[in-house]
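Kindly produce the complete structure, drawing on both the sequences and the hints.
The residues making up each chain are set out below.
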Amino acid sequence: MKDLDVVVIGGGLLGCLAARNLCRWNLHIALLEAREDVCTGISRANTAIVYPGYDHKPGTLKSEMCVRANARFDALCQELDVPFSRCGSLMVSFGEKADAVLRKKYENGLLLGVPGLRMLSGEEARKMEPALAEGVSSALYAPTAGTVNPWELGIAACENATANGVELCLNTCVLGIGRTAKGYRIETDQEVFSCRAVVNCSGLSADSVQKLLFPTPVYIAPDAADYLILDKSAENKPAHIIQYEPEDGGKGFNAVPTVEGSLLLGPSERKNEVDFAVSKEGLSFVRERAARVLPGLNLQDTIRSFAAVRPNPQHPDGSSIGSYVIDNPDSGFWSLIGIKTPGLTCADELGRYVADRLAAELCAEERPGFDPHRVGIRRARDLPLSERVVLVQENAAYGEILCHCEGVTKAEILEAIRRGAVSVDGVKRRAGSGMGCCQGSRCERAVMELLAAELGVPVGAVRKDGPGSEILEGSHGKN
Amino acid sequence: MERTELLIVGAGAAGISAACAAWDAGCRDVLLADRLPYAGGILPQCIHEGFGLSAFGSELTGPAYVERLAEGLAQRGVRFLPGKEVLAVTKEKTAVLSGKGGVEEIRFERLILATGSRERTVGSLSIAGTRPAGIFTAGQAQEMINLHHWRLGSQVVILGSGDMGMILARRFTLEGKQVLAVLEQDAHYGGLARNFHRCIEAYQIPIRYRCTVREIHGMPRITGVTVEALDNGKSEFLPCDTLVTAIGLVPERELIRGFEKEPWLSLAGNCSRVYELADSAAAEGAKVGRYVGKQLVK
Ligand SMILES: Cc1cc2nc3c(=O)[nH]c(=O)nc-3n(C[C@H](O)[C@H](O)[C@H](O)COP(=O)(O)OP(=O)(O)OC[C@H]3O[C@@H](n4cnc5c(N)ncnc54)[C@H](O)[C@@H]3O)c2cc1C
Ligand SMILES: Cc1cc2nc3c(=O)[nH]c(=O)nc-3n(C[C@H](O)[C@H](O)[C@H](O)COP(=O)(O)OP(=O)(O)OC[C@H]3O[C@@H](n4cnc5c(N)ncnc54)[C@H](O)[C@@H]3O)c2cc1C
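Keeping their order, the protein sequence lines are chains A and B. Position 22 of the first sequence, counting from 1, maps to 22 under our numbering, and the rest follow consecutively. Position 232 of the second sequence, counting from 1, maps to 232 under our numbering, and the rest follow consecutively.
Take the hints with a grain of salt, since some may be wrong.
What the hints assert, rightly or not - Using 16 Å as the maximum straight-line C-alpha spacing, the simulated EDC-like pairs for lysine to aspartate or glutamate come out as follows:
no., chain 1, residue 1, chain 2, residue 2
1, A, 280, A, 269
2, A, 280, B, 228
3, B, 177, A, 473
4, A, 232, B, 252
5, B, 100, A, 394
No lab work stands behind these hints, which were simulated from the structure alone.
As structure tokens, then:
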């Protein structure tokens, strides 16, 4: 049995940032993740927007957190060495009804103290963003909106947490939770953990994990969403995040110029579906929205489509819950249940919120040695030539480009594996290989060989992502 | 900064031919760079026969064809740099090269781009369904099987009946795998008639026209595809453990994105337009090489 102060359940964005925030205190912490890698759940597939925070009801935790989280985002990304693009957003409308909705949001934003908001006419908006459709009648400009790669942020937080002493337990699924004199007893498919406190960040399973010991005030009613990604070479991409507020009050739409340079379009909305499989109707919806708002885009530039699952929080009677649910059913037990948009934006705030309260409950002292800085994988492509020359002299593997679309070198891929990637997608999430227009078809083989060599397994055992996803004919693959 | 009169990017059929022709035209300062550790581009992985009928008068395999080309290269004083990727080209006529041996910037007078083509992938089709393991592009599958002797799946569906799709269908069959279907959206196969006879007919591989893959099933590995008939919209589930896409090539011109017609720049081979035959890519390479070589000597 492993003895700890705090067990964090779930290695998504919320769990990773909760664990990192807990490191500020003198506590012995473990982060438990059921899968073989962190950030492969909701945190892997979402819209990647760091929201400015004008959307939420004043006086709620969500509205307060979102504005504050946005303001702190540069500092967070600097500490964790993660690229963050504060590109600003334009929420656009086509007609009077939606114009009025934007003005309401604008006023709400002013009330909440969202900096720099401006209402623009359609003409002003097009001047700022020539890619916008002629029919745009007004726009709400939010200069503080931005975008970050969600899994990059989560992985960085996890690396920083482990560097500060958090024990990361992968392939460890929580099956049961019990009360003990000391606090809690966590049963998993691996070992048993004994701890004084628990933070439940288990994403889509957060309600069922809570139910292992306590009743849950919130049920998760998942639904699915679809996205398209256009290549970085696509023409007429917007420079700002574009959000669309439909006249009929229906589902909006986002176009996000990602930190990688591609353009993310979506999401669609499919009720009562829990499937990470892409739907044809969902894709048509996204295409139709894109054509309406950004007519200059050529959807032939699509390089990928994917699906996501939303963890919609509901009351037991089925009515939906708008605010964040941070449940504390007993001392030392904290649950984040059904945290959807803007959960990425607020992940650090939510982590801090819970960590501060837990530290007080446990009478923990601040840890003097806490180092908030993590250094990312050094990327050859970002360096000026002179530095690149020196880098390759020091390490020849920095000269060998393996992912030609994104210019990722062998050294970066080896470093991704050293930092914990155990699959081709794990490498992709850390090194960025396979994110470009060929979607890994040219580098996958080389990545597989490196994984096999570094992990000491035959190439036939190399996986795309997780158990059962062997790329070659399973164990029959020749080494 | 090092200088060269002529920089050729890509040592496939087109690039090698261009280098040799430029040399023969009198240019004595030719640098040929390729990111692969060997010469020949796509050819070494094309182990089937069907190359060189017009250039060498006999039907060679891809590797044998490269051997001929490489002999010609060795007889001339062209500097060949394998394992060197050209990372960037500027309008000021400089290029950055990167390889194990180092990164360097060089200045050139003329540039011949012979970077070949890249494959369209399944991602570009936005097919509904899951995103499992077990999906390959034809070129990727060909490289894994022919150059690395890796074993892909046993129940294979091939999307696209161009030359690559048909040749891959035969390869899988020869490897003892079952090709369940080659799917083609048109009413006729896409590639050369000789490939249809030698690959599809000769091995009695089922080919279905006017249909496409509408949905991908299975997670974490592919378990099947939904095939839709385009004429009547009827769909059918086809179980498989491997999907190979052979849905077309795109000329690889990333290095010169945004460039206008520059007087110092020429294109040859598949990056200029996609050639069905290596001989044609080589012939264009030779023509461009000769022309550029002559201009440099003048
Ligand atoms: C479609 C969509 C779009 C979104 N867009 C945005 C946006 O643009 N901006 C924004 O700010 N927010 C956005 N969000 C919200 C944000 O993505 C989420 O709030 C955030 O990613 C939630 O992370 P998580 O850690 O709760 O979940 P996850 O990433 O799913 O992590 C939960 C982890 O717990 C693990 N786990 C589950 N059960 C167990 C168990 N029993 N034992 C051990 N481990 C377990 C899982 O394997 C998983 O790794 C979006 C969300 C969705 C769904
Ligand atoms: C499956 C298949 C079957 C075929 N069958 C036949 C056949 O039976 N008969 C026939 O005649 N033809 C056949 N062909 C066609 C023929 O092989 C091609 O048309 C021809 O080989 C193309 O030559 P290339 O030099 O233009 O391109 P490639 O051979 O693709 O060479 C381009 C080279 O450029 C390099 N490169 C690209 N970018 C960079 C960079 N930035 N820096 C450095 N190097 C770079 C690449 O590594 C590559 O080596 C077939 C092709 C395929 C794919």
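Verification of the supplied hints:
no. : hint             : verdict
1   : A:280 with A:269 : holds (12 Å)
2   : A:280 with B:228 : holds (13 Å)
3   : B:177 with A:473 : holds (11 Å)
4   : A:232 with B:252 : holds (15 Å)
5   : B:100 with A:394 : holds (11 Å)
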